[in-house]
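A.B. asks: Once you've looked at the hints, dock chain B against the given chain A.
Number of protein chains: 2
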Amino acid sequence: MKIICSKSNLQKSVNIVMKAVPSKTTMPILECILIDASANEIKFTSNDMELGIETKVEGDILEKGIIALDAKIFSEIVRKLPDNEVTITTDDKLQAVITCEKAKFNISGKSGDDFSYLPFVEKNDSITISQFTLKEIIRQTIFSIAPNDTNRMMTGELFEINNNILKVVSLDGHRISIRKIELKNSYLDKKVVVPGKTLIEVSKILSGETQDEVSLFFTDNHIVFEFDNTVVVSRLIEGEYFRIDQMLSSDYETKIQINKKELLNCIDRAILLVNESDKKPIIMNIDDQGMELKIHSTIGSMNEEIDISKEGRDIMIGFNPKFLMDALRVIDDEIITIYLVNSKAPCFIRDDAQTYIYLILPVNFMA
Amino acid sequence: MKIICSKSNLQKSVNIVMKAVPSKTTMPILECILIDASANEIKFTSNDMELGIETKVEGDILEKGIIALDAKIFSEIVRKLPDNEVTITTDDKLQAVITCEKAKFNISGKSGDDFSYLPFVEKNDSITISQFTLKEIIRQTIFSIAPNDTNRMMTGELFEINNNILKVVSLDGHRISIRKIELKNSYLDKKVVVPGKTLIEVSKILSGETQDEVSLFFTDNHIVFEFDNTVVVSRLIEGEYFRIDQMLSSDYETKIQINKKELLNCIDRAILLVNESDKKPIIMNIDDQGMELKIHSTIGSMNEEIDISKEGRDIMIGFNPKFLMDALRVIDDEIITIYLVNSKAPCFIRDDAQTYIYLILPVNFMA
Numbered sequence: 060m061k062i063i064c065s066k067s068n069l070q071k072s073v074n075i076v077m078k079a080v081p082s083k084t085t086m087p088i089l090e091c092i093l094i095d096a097s098a099n100e101i102k103f104t105s106n107d108m109e110l111g112i113e114t115k116v117e118g119d120i121l122e123k124g125i126i127a128l129d130a131k132i133f134s135e136i137v138r139k140l141p142d143n144e145v146t147i148t149t150d151d152k153l154q155a156v157i158t159c160e161k162a163k164f165n166i167s168g169k170s171g172d173d174f175s176y177l178p179f180v181e182k183n184d185s186i187t188i189s190q191f192t193l194k195e196i197i198r199q200t201i202f203s204i205a206p207n208d209t210n211r212m213m214t215g216e217l218f219e220i221n222n223n224i225l226k227v228v229s230l231d232g233h234r235i236s237i238r239k240i241e242l243k244n245s246y247l248d249k250k251v252v253v254p255g256k257t258l259i260e261v262s263k264i265l266s267g268e269t270q271d272e273v274s275l276f277f278t279d280n281h282i283v284f285e286f287d288n289t290v291v292v293s294r295l296i297e298g299e300y301f302r303i304d305q306m307l308s309s310d311y312e313t314k315i316q317i318n319k320k321e322l323l324n325c326i327d328r329a330i331l332l333v334n335e336s337d338k339k340p341i342i343m344n345i346d347d348q349g350m351e352l353k354i355h356s357t358i359g360s361m362n363e364e365i366d367i368s369k370e371g372r373d374i375m376i377g378f379n380p381k382f383l384m385d386a387l388r389v390i391d392d393e394i395i396t397i398y399l400v401n402s403k404a405p406c407f408i409r410d411d412a413q414t415y416i417y418l419i420l421p422v423n424f425m426a
Numbered sequence: 060m061k062i063i064c065s066k067s068n069l070q071k072s073v074n075i076v077m078k079a080v081p082s083k084t085t086m087p088i089l090e091c092i093l094i095d096a097s098a099n100e101i102k103f104t105s106n107d108m109e110l111g112i113e114t115k116v117e118g119d120i121l122e123k124g125i126i127a128l129d130a131k132i133f134s135e136i137v138r139k140l141p142d143n144e145v146t147i148t149t150d151d152k153l154q155a156v157i158t159c160e161k162a163k164f165n166i167s168g169k170s171g172d173d174f175s176y177l178p179f180v181e182k183n184d185s186i187t188i189s190q191f192t193l194k195e196i197i198r199q200t201i202f203s204i205a206p207n208d209t210n211r212m213m214t215g216e217l218f219e220i221n222n223n224i225l226k227v228v229s230l231d232g233h234r235i236s237i238r239k240i241e242l243k244n245s246y247l248d249k250k251v252v253v254p255g256k257t258l259i260e261v262s263k264i265l266s267g268e269t270q271d272e273v274s275l276f277f278t279d280n281h282i283v284f285e286f287d288n289t290v291v292v293s294r295l296i297e298g299e300y301f302r303i304d305q306m307l308s309s310d311y312e313t314k315i316q317i318n319k320k321e322l323l324n325c326i327d328r329a330i331l332l333v334n335e336s337d338k339k340p341i342i343m344n345i346d347d348q349g350m351e352l353k354i355h356s357t358i359g360s361m362n363e364e365i366d367i368s369k370e371g372r373d374i375m376i377g378f379n380p381k382f383l384m385d386a387l388r389v390i391d392d393e394i395i396t397i398y399l400v401n402s403k404a405p406c407f408i409r410d411d412a413q414t415y416i417y418l419i420l421p422v423n424f425m426a
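Those protein sequences? They're chains A and B, same order as listed. Residues in the first sequence are numbered from 60 upward in steps of one, following the working numbering. Residues in the second sequence are numbered from 60 upward in steps of one, following the working numbering.
Bound conformation, chain A alone:
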């Protein structure tokens, strides 16, 4: 094999496929990037058996061929090469020579035959949205997946298409995050659970531009993201997602409107006093005068008044401050509306059109 690409194109493509290179694996071949120049285009592939990424690389093929190179070493070499044309040559002993200007690297590769190619996925059902939108809905929900595997379903996000609305849901037992977007065309109804890790990695590769599009294909076992020169294939989480509709009552006793940034800054100050060992809640005391936020821990106490506009009953309620902050950080609205029932029932932060809904369970506190 002999190919020539610019360092910047190599760098861009390596960065993309690195997202599916596992950091630890019992199969050393998975720690490689497959460089496939066996046909008329150069493709890089990586695959951790859950998530696979394939991307086309701009460049010239002088001699067709295929090789798998250690991803970490190869990416480091590419990163540190001068900004110029890079030639990658391999021989039949799987030795790769990477040259750029006067620098010349020799590393050993592995046979492409041992590599696990991406699964073949039939691309029937698909939806197309802007990369900006997909990146945003991931950012606005991903924080409330459960971090580990005690409940595998909680490590993923529900992607549900219903009446041409895409609804994305994540939950971890203490809170639920929901984002809805209207789709431009009409699509078949669909319901899949996508691994959180896949969404995190895809989100890193997406351009985030409104004019760039991404297509999502669904099968029973896989989701495929197609955008720019890149295809990402991920397994789905099998099983039925939680039924959340019965938790989403729209009844409330108290409705407040508050400046999001003021509330966020206030909670950010309050968490100074939260000890790792004794996790104290932040208490909201809401009456006609406004909202008093207070926290009291072994370190000290803090209280602050914030102006609100309020409808309904007075209420005192406690929350894990982190859960409030996570939701507030991803909401773009300047003024937000919070709905409360009583000190034992979840609060809802949502806009009128319900494009976002954040449900957070309260915690007990000693008043």
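The set of hints was computed from the structure by calculation and includes no laboratory data. The structure displayed is predicted, hence computed values, not measured ones. Incorrect hints may have been included.
It does not matter which identical chain is meant; a pair holds if it fits inside one copy or across any two.
In silico BS3-like cross-links for lysine-lysine, where the CA-CA straight-line distance does not exceed 30 Å [said to hold, decoys possible]:
1. Lys102 x Lys403
2. Lys161 x Lys403
3. Lys381 x Lys163
4. Lys403 x Lys243
5. Lys115 x Lys403
6. Lys353 x Lys139
7. Lys320 x Lys131
8. Lys152 x Lys319
C.D. replies: Only chain B this time, still in chain A's reference frame:
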């Protein structure tokens, strides 16, 4: 006590004294910042018993007093307060109330009487240089102190004044770094060893501006840095520093001139192939054609040609690439000169005026 300061002034002063707050200590009082408003100015003090810092804070004293507040909590509170006037009040039970706009923190303080004040140092001998210069000479030598205490003398830097030249030396058994600067006035000869930690912390506080000055006072046991509103007092390392003069021969067999950035980038690429477990040297092969840099490890091999101008014999010599990079990174010259004797003898990187000298011992290699 009742004082009012702007958040930004508090922040600036807290950041300065935090540099001498120990992260671990058996004396809890040392984890505090002393706020002293007992006279006509507000002063913050911190002291880890090796290093002490005192800085004046701009603000108004409404009621005189003194208190010690937990440094970590106090600095976090200050950092997160709104950008406005901050009032700090204490009562006779050592409770401190910190208010800013509508936010109000209550934390417990400690009596100022328990605090270890900075040692009294007689300020006779002093030199004055720009903060820029001091910051630079620290940066250009600090990397070659020994990181831990197996040889205490190596954890410090020699500051020697001789014939109105300030010479700063650090060494770790593998290399020596020397910086010399000419002083503008005439000073008494002096020779002290300053703890590396002190220099690192002082360097972080220095403005780095050429028009700002810093005065250094020396006593038998202490060094004092006075600049802006701040005084830093540090113990010295006792004992006699290493005699390095006999190691600094000016004889050489080979002299080369090389573009510093090219050499640095090339070594930076080569270290990709250095394994933590088998630390391979980088080999310089110097002849009339130029310098070939090469490295060969279990990961692979790399070689690169660099143009040089050369006088004297051909030579092949191996180095720990990190030691070369550390020195190259802090030299400002575009073209540097390297002097070599043979493959067992140290190389010297120095300018003609010897304002900097970097001696690096070679390592054995199998050619």
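A.B. asks: Okay, which hints does this one fail, numbers in order?
C.D. replies: Hint check: 1, 4, 5 and 8 fail, others pass.
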